[in-house]
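Novice: Starting from the known structure of chain A, fit chain B onto it as the hints suggest.
If you're matching them up, the sequences are chains A and B in order.
Per the numbering used here, residue 1 is the first one in the first sequence, and the count goes up by one each step.
Per the numbering used here, residue 1001 is the first one in the second sequence, and the count goes up by one each step.
Treat the hints with caution; some may be incorrect.
Under 8 angstroms between C-beta atoms, here's a sample of chain A residues computed to sit facing chain B [stated by the list, open to error]: (1) Val64; (2) Trp68; (3) Trp112; (4) Leu116; (5) Lys119; (6) Met121; (7) Leu141; (8) Gly144; (9) Ala147; (10) Leu148; (11) Ala151; (12) Ile152; (13) Ala161; (14) Val168; (15) Ser179; (16) Arg236.
Rough simulated footprint, nothing fancy, chain A against chain B, three-plus residues with beta-carbon under 8 angstroms [claimed, not checked]: (17) 1053 to 1061; (18) 1119 to 1132; (19) 1160 to 1168.
None of these hints come from the bench; they were simulated from the model.
As the structure is a computational prediction, the values presented were derived from the model and not from experiment.
Ideal Cβ placement from N, Cα and C applies to all residues, glycine included.
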Amino acid sequence: MNNRLINWFKYASPQSFYPLAGKMIPWFVALATVFGAAGLWLGLAVAPTDFQQGEGYRIIFIHVPASWMSMFIYLVMAFWAALGLAYNTRLSGMMAQALAPTGALMAFLSLWTGALWGKPMWGTWWVWDARLTSELILLFLYIGFIALQAAIDDPRRADKAGAVLALVGSVNIPIIYFSVKWWNTLHQGASVSLNKAPAMASIMLWGMLLLALSFWMYSIAVALYRARTIMLERERGTEWVKEVLQREGAK
Amino acid sequence: MIAAVGAIVARDLKLAMRRQADLVSVLFFFIIVASLFPLGVGPEPQLLKKLAPGVLWVGALLATMLSLPRLFADDYRDGTLEQLVLAPQPLGLTVIGKVLAHWLVSGLPLALLAPVLGIQFDLETDALATLTLSLLIGTPALSGIGAIGAALTLGLRGGGVLVSLLVLPLYIPVLIFGAGAVDATVTGMGAEAHLSILGALAIGGVFFAPWATAAALRISLE
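With the rest of the complex left out, here is chain A:
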């Protein structure tokens, strides 16, 4: 066969991807733990107290990575969706389906920690700021995707319908973001500006980056774990699933 490169299409079949994912999960879990521990140590123990915001600013070590991941996961989801529509691979749809709950969780975490941060800093849980509003709409998009997939019984149709929705959503995200931004400046509702972030001490930046890496690894691990479950569920009639289950049951 092809000796020069890894044959990537080999792993497009659930049968060969299932053991690979199983091998990769512990690594990503380990990386997430290491990065997470280092990031939390830097963020909570080493980083100095902010002279304006006091200790409350430490929420950003969770908030910012969660916001980044919520946006990034939607893009990855749309990527798998496009791949699934183009190549008609079963695995792509499973990956998109596996990523959606993690993305929704990240969007929710981002909103929740944002509210916790906003109360002491701005004196309010919520402002109709452009970023907050578009994050909320992103959460709605995730929920729409999950609801659509849950409503369709046939998994192949669910994958394809979800893929169309994810692609339409990813085209719309920039439009939504800019319209919300413009709406916000016209109304001048919020007097708080998130854009003038003070120059951040490099130690804080490092803590945030480490935690972002940790969240990233966590998302991959959880998505792979969920994808493995989806694989078993969808391919339950096939021979390889029976072999896998017998092997794992024997242990």
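Specialist: Relative to the frame of chain A, chain B by itself:
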């Protein structure tokens, strides 16, 4: 090609005219929703004037959304949709015809009805004109984007609620600039910028949405 679109539009209009109650109920939904707001927030004219653009636009949005299942559901049930997909004309064109017919029986009446409701909210003449104009420009985009949601949820359990979950987040830009145009007229800023962007959204929506809708229809009919 234009003849094919025209035939679809004529057919859908004829079918809609045979069931006028469906059309009228959507319009009355719009009227009732708009009338509930003054009852909820109180009758002060200043407050109502401030709320009017948003309330009327959200009402029009919800009314359009409620009428979306009608786009494909009947044809899906009696098998006509399959024949339309098999027809030699590109499916995207068929979708454009159906979207156009949907707009003629939902978006257009809503836009024409809105100024009457605007009077209840004490809007000035120029604001009423902008409201009608913004709805005339914006509702085609609502029909176009909504068609994607209607096609994706074809034949599903709880399709109606699902459509709202899928479609409402995508309606937000249209809502912002539609209501913004009326708001800008009320505050005397001029609505040209809003209306231009609304026009861009409508053109983009009507142009690109049929492709996504056609893909979604093919998936639903598999």
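Novice: Please go over all the hints and tell whether each is borne out by the structure.
Specialist: To see whether the hints hold, each was checked on the structure:
1. Val64: Hint violated; Val64 (chain A) Cβ to chain B Cβ min 23 angstroms, cut 8 angstroms.
2. Trp68: Check failed: Cβ of Trp68 (chain A) comes no nearer than 21 angstroms to chain B, outside 8 angstroms.
3. Trp112: 19 angstroms, violated
4. Leu116: 25 angstroms, violated
5. Lys119: 26 angstroms, violated
6. Met121: 27 angstroms, violated
7. Leu141: 5 angstroms, holds
8. Gly144: 5 angstroms, holds
9. Ala147: 5 angstroms, holds
10. Leu148: 6 angstroms, holds
11. Ala151: 5 angstroms, holds
12. Ile152: It holds, given that the least Cβ distance between Ile152 (chain A) and chain B is near 6 angstroms, below 8 angstroms.
13. Ala161: 5 angstroms, holds
14. Val168: It holds, given that the least Cβ distance between Val168 (chain A) and chain B is near 5 angstroms, below 8 angstroms.
15. Ser179: 4 angstroms, holds
16. Arg236: 22 angstroms, violated
17. 1053 to 1061: violated (count 0)
18. 1119 to 1132: n = 0 at 8 angstroms, threshold three: violated.
19. 1160 to 1168: It holds, with 4 qualifying residues against the three required.
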